[in-house]
Amino acid sequence: MVNTAVPSRKFVAYERVSTARQGRSGLGLEAQRTAIDDFAASRGADVLARFTEVESGRKADRPELGKALNLAKLTGATLVIAKLDRLSRNAAFLLTLRDSGVKFLACDMPEANDLTVGIMALVAEAEREAISRRTREALAAARARGVKLGNPYGAAALRRAGKGGAALRATVVANAQAFAADLEPVLAEIRAAGHKSLRAIAAERDARGMRTRRGGRWQVSNVKNLLARLGSDSPGNGAANQLRNQKVSETRQGWAAGPS
Numbered sequence: 000m001v002n003t004a005v006p007s008r009k010f011v012a013y014e015r016v017s018t019a020r021q022g023r024s025g026l027g028l029e030a031q032r033t034a035i036d037d038f039a040a041s042r043g044a045d046v047l048a049r050f051t052e053v054e055s056g057r058k059a060d061r062p063e064l065g066k067a068l069n070l071a072k073l074t075g076a077t078l079v080i081a082k083l084d085r086l087s088r089n090a091a092f093l094l095t096l097r098d099s100g101v102k103f104l105a106c107d108m109p110e111a112n113d114l115t116v117g118i119m120a121l122v123a124e125a126e127r128e129a130i131s132r133r134t135r136e137a138l139a140a141a142r143a144r145g146v147k148l149g150n151p152y153g154a155a156a157l158r159r160a161g162k163g164g165a166a167l168r169a170t171v172v173a174n175a176q177a178f179a180a181d182l183e184p185v186l187a188e189i190r191a192a193g194h195k196s197l198r199a200i201a202a203e204r205d206a207r208g209m210r211t212r213r214g215g216r217w218q219v220s221n222v223k224n225l226l227a228r229l230g231s232d233s234p235g236n237g238a239a240n241q242l243r244n245q246k247v248s249e250t251r252q253g254w255a256a257g258p259s
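Numbering that gives the first Met the number 0 puts the first residue of the sequence shown at 0, with every later residue one more than the last.
By construction, these hints were calculated from the structure, which means they are not laboratory data.
Hints should not be assumed to be uniformly reliable.
As the list claims (entries may be wrong) - EDC-like, lysine to aspartate or glutamate: derived pairs with alpha carbons at most 16 Å apart:
| no. | residue 1 | residue 2 |
| --- | --- | --- |
| 1 | K82 | D36 |
| 2 | K82 | D98 |
| 3 | K195 | E136 |
| 4 | K82 | E126 |
Unchecked claim - Cβ-Cβ distance ranges computed for the label pairs, FRET-style:
| no. | residue 1 | residue 2 | range |
| --- | --- | --- | --- |
| 5 | P62 | L114 | 24 to 32 Å |
| 6 | K147 | A30 | 44 to 52 Å |
| 7 | S220 | A169 | 43 to 51 Å |
| 8 | D181 | T33 | 39 to 47 Å |
| 9 | A139 | G230 | 23 to 31 Å |
A virtual CB, placed ideally from N, CA and C, is assigned to each residue, including glycine.
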């Protein structure tokens, strides 16, 4: 239940950042904490605890929100967030908040009540459904125009071409080799700067904002696999690189030529 009367003198702070990097760097957190601390001071309240949610944007579960709500219930405290407008289109958050039974305040919208949050949740759900409907309609219209949807280099396409699992594996390997070849100059630069160990190389790639082929953070195992694909612990092997590029090119040409 959203609080519309005088709030309790106990606050539980809930903060949210959208990526792990923001969570580590503090980007966005400092402003939220300042807003919450100033708000608590203006209300003569004490902040009992802080819960920081690091969301990837792909997961609906919010364990830190659950912890914050549970503590607020146990202590009779009021859940406080810095900015409700940042979450006004987040249906999962709003519905959880609405149904929690916990008193709630937003620093940027202290007048918010059950009706406010309920309407926001309904609007967020309607917008999500509208986006889904527009996407389906756009895909249907594309199919009607004869557009072939899907990844033309995916597993389904390879099966339709009669190439089977071997061709799929060959394509995956070729893509991985090409990705490794693209990274070889950067690897040489990193090692020339004195970052020699697998862990140091991984840390330096993360520091430069680089991601693995699947979009993840660099780990020791990723660097080890990269070096293995490059065929040597020492980057810059010209002959090996030339042979590797030739094999990648031949694999791609064989796939493009189709079944014999």
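Comparing the hints with the structure gives:
no., hint, result
1, K82 - D36, "holds (13 Å)"
2, K82 - D98, "violated (19 Å)"
3, K195 - E136, "violated (52 Å)"
4, K82 - E126, "violated (20 Å)"
5, P62 - L114: 24 to 32 Å, "holds (28 Å)"
6, K147 - A30: 44 to 52 Å, "holds (47 Å)"
7, S220 - A169: 43 to 51 Å, "violated (23 Å)"
8, D181 - T33: 39 to 47 Å, "holds (42 Å)"
9, A139 - G230: 23 to 31 Å, "violated (48 Å)"
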